[in-house]
Amino acid sequence: MSSDSSDKSKPRVGIYGLTGCAGDQLLLIHCEDEILDIFNAFDIRSFVMASSNPIEDDMDVALVEGSVSTEEQKEHLLEIRKRSKILVAIGNCATVGGVQAMYAQDGTFKDRMKKVYGDMKFITAPMEGQPLDAFVTVDYYLPGCPISAKQALPLLSRLLHGASPEPFPHPVCHECKLQENKCLLLDKKFCLGPLTQGGCGAVCPSHGLPCVGCWGPNPDANFNEHVKLLESFGMTKDEVIRRIRNFGGHKILQYIKDL
Amino acid sequence: MTKTKIEIEPLARVEGHGGIKVEIKDNVIKDVQVKILEGPRLFETLVIGKTPEEDLSLVPRICAICNLSHKYASLRALEKALDIKVPAVTQTYRQLMHHGEMLESHSLHLYFLALPDFFGYDNAVAMAEKFGEVVQNALALKKFGNKIMRLMGGRMIHGENPVLGGFGKLPSRESLLELKEEALHHLDFAMATIDILAGLEVPDYLERDTQFICLKPPHGEYDYYGDILLASDGKEYPLEDYKKVIIERTVSHSFAKRSAYNDRPFTVGAIARVLNLGDRLKGKAKEAYDKLVNERWYRNPIYNNFAQAIEQVFSLEDVVRIVDELLTAEIPKIVKPPRGSGTGTGGVEAPRGTLIHHYTIENGVTVDADYITPTAMFLDDIEAFIRKSGETLLAKNEMDGIELKLEMVARAYDPCISCSAHLVTVDFE
Ligand code: SF4
Ligand code: SF4
Chain Y
1 MSSDSSDKSK
11 PRVGIYGLTG
21 CAGDQLLLIH
31 CEDEILDIFN
41 AFDIRSFVMA
51 SSNPIEDDMD
61 VALVEGSVST
71 EEQKEHLLEI
81 RKRSKILVAI
91 GNCATVGGVQ
101 AMYAQDGTFK
111 DRMKKVYGDM
121 KFITAPMEGQ
131 PLDAFVTVDY
141 YLPGCPISAK
151 QALPLLSRLL
161 HGASPEPFPH
171 PVCHECKLQE
181 NKCLLLDKKF
191 CLGPLTQGGC
201 GAVCPSHGLP
211 CVGCWGPNPD
221 ANFNEHVKLL
231 ESFGMTKDEV
241 IRRIRNFGGH
251 KILQYIKDL
Chain Z
1 MTKTKIEIEP
11 LARVEGHGGI
21 KVEIKDNVIK
31 DVQVKILEGP
41 RLFETLVIGK
51 TPEEDLSLVP
61 RICAICNLSH
71 KYASLRALEK
81 ALDIKVPAVT
91 QTYRQLMHHG
101 EMLESHSLHL
111 YFLALPDFFG
121 YDNAVAMAEK
131 FGEVVQNALA
141 LKKFGNKIMR
151 LMGGRMIHGE
161 NPVLGGFGKL
171 PSRESLLELK
181 EEALHHLDFA
191 MATIDILAGL
201 EVPDYLERDT
211 QFICLKPPHG
221 EYDYYGDILL
231 ASDGKEYPLE
241 DYKKVIIERT
251 VSHSFAKRSA
261 YNDRPFTVGA
271 IARVLNLGDR
281 LKGKAKEAYD
291 KLVNERWYRN
301 PIYNNFAQAI
311 EQVFSLEDVV
321 RIVDELLTAE
331 IPKIVKPPRG
341 SGTGTGGVEA
351 PRGTLIHHYT
361 IENGVTVDAD
371 YITPTAMFLD
381 DIEAFIRKSG
391 ETLLAKNEMD
401 GIELKLEMVA
411 RAYDPCISCS
421 AHLVTVDFE
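Chains as they are written, first to last, in the working numbering: chain Y, 1 to 259; chain Z, 1 to 429.
Only chain Y is shown next, with the shape it has when bound in the complex (with noise of 0.2 Å):
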């Protein structure tokens, strides 16, 4: 598909999109300053959402977005997996399960298929959205939901120059505070910032409300007394862990299993 893919100084990349919003892939799209750049120091051999034509074949580079949803998806996930020299999770769905996942392990995930579909039998089989590496190795993971190209550009800029891209491992709080806004655990209100992975530059504290936890679990939280701080709000724990799970997909059963 693009015009010079002899060319084989460019890293081959592949852009893939599992069950999600294709929100991660838009974002890439969206970076109007870069996108020619990136076209062009990349060899992207497939990115369906914004070009015909793939070249299916061995990359470098694999970024994976959305959830594994489907009994096809999870073959088309392997077969990505051994083409792929690096493969990297790109967003929510990817890295934790998404959205879709928020009631992850509990049993219901049948019974709500009936309830949307009925009983209809699909050409594949469904199953509850998993993240990437229950399926496959990951190489990185850019989290978010969407990614934020503050965070994409530097890994795609490091990935282009054969350098390992950087984790962030600092909370929605860390943000937080370089953006010198007042926090809103003071005024006893709801956030999950101090749970949250930071990378979004805490931007719904920046506008008054609280974060929801998109960019999924921080490894290094105090689940248990933050748990505790937002039950002395007034908030049931029952509310705080449903809230908590809303984006923690699979990866949030490991911090509150023993909550």
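Some hints here could point you the wrong way.
Claimed, not checked - In silico DSS-like links for lysine-lysine, alpha-carbon gap of 27 Å or less:
#1 Lys188/Y - Lys336/Z
#2 Lys114/Y - Lys243/Z
#3 Lys150/Y - Lys147/Z
#4 Lys235/Z - Lys80/Z
Just so you know, the hints here were simulated from the structure itself, not pulled from any lab data.
Since we're looking at a predicted model, the values are computed, not measured.
Chain Y is fixed; fit chain Z with the ligands onto it per the hints.
For chain Z with the ligands alone, kept in the frame of chain Y given last:
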């Protein structure tokens, strides 16, 4: 050598994972399926037991390109359910927000997803070599749409800023003035686009009659929201009755539901709006309408691309009008819900068509939710136009490059699914 099956998978340059399958037997088309293989996400069940605030964070994730339309439709439904009456100026800010999405989505579709077909390219970046200026201007226009979305939404995609009863933060005077200036600047390119399109040849192999549905704005102007469904047969229905008007069903080749009106397929989207409401257009948008619209539009969805171009002009002009209005308006406060229970149906015109959200809230908790997306509404219509295309091309024995021709029909609707990658396969016998 006759084809017995045409299989187009993946359907490229659309949002989502879909394909087209056409079965041919004895030179007659037996079956047409637009397959939507995007996995199920069951949003209707995700929101049960949630507060309206959570619903509003979750629903934009149905679709990134029209994330604010989803938020907006939910806001309209939930505010009805909870009897929240926002001041007129809040509604005006929402219209500004929505123009951002129209500009972002229409420019993305028109220049990046649809136009490459007309000029024979795989993508818009490849097109940039010969049509550099168009691509650069299109990128700038899309960026402008995104700028409004970021300003009003809080983020470009899935922003939290629009909340029940108002907005977390409103734009400054300076930002509003900047928007006005930029809108005026982009208007030239939007009008130049009308001339580019006027010079394009639109294929006629697909033409057949269909029906058009859109929301009727609550005032006498062109707009993208309303509480009445307006059909091209002249009938009007209260939005709350949508289930009696738009009849849904499930099919096994698609995780998107299907819909019919009067037992027949129908079109929603820019073309439906322009055909149903075009006589309300004014200014440059009216000029654009007069240049482009003709009788063939009623039978040919490829003109949806053209209708989007007209709406780009309308939205840019309306941004200018809205900014002037907001500059002298009071700053609205966030309205708190007066009650915790109720039922409400909200409708907006998403870039690709009528979008309906419906909720029942009991004591502050969601007990029932229903969403009908534009793609679910027009999939039957796409299949009907693809069938017609196949029949015409088969009769004329013009089977070369038929895949692209069928893809163009589907792409014209600007469907919202999410992509995957397989190759186009054609079976010969
Ligand atoms: S992570 Fe969020 S933005 Fe990305 S596909 Fe999933 S829902 Fe969409
Ligand atoms: S503040 Fe929280 S909810 Fe908002 S974008 Fe950042 S991570 Fe997502």
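A quick look at each hint next to the structure:
no.: 1; hint: Lys188/Y - Lys336/Z; result: holds, 18 Å
no.: 2; hint: Lys114/Y - Lys243/Z; result: holds, 19 Å
no.: 3; hint: Lys150/Y - Lys147/Z; result: holds, 16 Å
no.: 4; hint: Lys235/Z - Lys80/Z; result: holds, 24 Å
When each numbered hint is compared with the structure, no violation occurs for any of them.
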